[in-house]
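Trainee: So the protein sequences, as listed, match chains A and B.
Each residue of the first sequence is one higher than the one before, starting from 4 at the first, in this note's numbering.
Each residue of the second sequence is one higher than the one before, starting from 1211 at the first, in this note's numbering.
These are computed hints drawn from the structure, not numbers from a lab.
Be aware that a few hints might be false.
To give an idea of the interface, some chain A residues facing chain B are shown, with a C-beta separation under 8 angstroms as derived from the structure [stated by the list, open to error]:
1) Thr14
2) Gln22
3) Pro32
4) Thr102
These numbers were taken from a predicted model, which means no experiment stands behind them.
For glycine and all other residues, C-beta sits at the position ideal for the given N, C-alpha and C.
So the chains spell out like this:
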Amino acid sequence: MPKTPSPEAHTFYVDTRFQRLARRPGGVPREVALESAQNNIDQSKPEFESWLDAELQNLATVVRNAEAGMAESGWLEDVGFRSRQLRDLGTTMGFVLLTFVANNLCEILDATPAGHASDMETITCHLDALFLARQEQYRHMRLEEVPELTKGLRLVKETVSISPDVAPK
Amino acid sequence: MANTPINLRDLVILVADPSPYLCMLVHGILRGFGANKLLEVRHSFGVLETLVGQKIDILLCDSRLPPHGGLQLTRAIRRNTENENRTMPILIMSSDTREATITGARDVGANMVLAKPLSPASIYDRLAWVAFHPRQFIDTETYFGPDRRFKIEGYAGGVGRRKGDKVVEVAEEVGPTLAQDDIDSLFSASRTG
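Only chain A is shown next, with the shape it has when bound in the complex (with noise of 0.2 angstroms):
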């Protein structure tokens, strides 16, 4: 039996002035934006290494600070914003395995339901695998050439998935 149609909806076309500008003459070919923009990405890498160097010292002070029963309140949300820094801005950096890593860790923290205690070894394990990740003989590795370590990880994250005091994604 077909559908009873819902009340009349009002269409419209609106011409964004986002679409009228962007369509004018003069713009950038695509070829050409994409190498600039590409350009900007490479000369931004030198100070963005600074960066990644400085945010995982950050990421390992507060987990080590947890493991020492330092934590201030709010460590796991601050351990899940950085990782989730890493996850986007890996790839595009250059850090495939970084963006792994980071992502598999953001993906074990999001499935832990609120006020459950996170495993500092899942966290600390990961946060290895970061600086592991890091290292620039890893920076240009490709999943498959690091089995040993995706396929650890990927299993350490179906095993927090399955566990008790975890509920499952």
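Model the placement of chain B on the given structure of chain A, informed by the hints.
Mentor: Just chain B, lined up with the frame of chain A:
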């Protein structure tokens, strides 16, 4: 579409993401595309304040923008009848590109989803799509935003839900059309340029 240049000069582009470094990265990419008026904010309050103060031409917004999230923010922008920016293009940036997330973004009125990690190619292509493929806006009791139907494949049950919908007989394709894979790629994860 792929070869048509887009002109971003003098367009006011607002990037909303909690990560200052990511905002800087996106600005660098957009400057490479020729953009020269770039703003950034870290949270949804910043977006709302900016929208009150000035005209924004396009918003790139993280799906987890604190404290409300990018989807809730998008819904609020679309539902605010007082704001002149309510029809501006909104692109949601998200690392979660599961179908539920894509559908959620679409259903709050976002134009497109940009998969994180971002690539210059994915950003350029989506901006070009928004520029050169305008969609009509739909205003109902429950939805305000761009038409969520990209490709008419016929209606479930043979009858559309809108009053103006007619019975659609979908003919065989006889010429070049945008392949479903191409449409899907505009929404699905694209982690490489």
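Trainee: It remains to establish, for every hint, whether it holds in the given structure.
Mentor: A quick look at each hint next to the structure:
no., hint, in the structure
1, Thr14, "holds, 5 angstroms"
2, Gln22, "holds, 5 angstroms"
3, Pro32, "holds, 5 angstroms"
4, Thr102, "holds, 6 angstroms"
The structure is consistent with each of the numbered hints, conforming to all of them.
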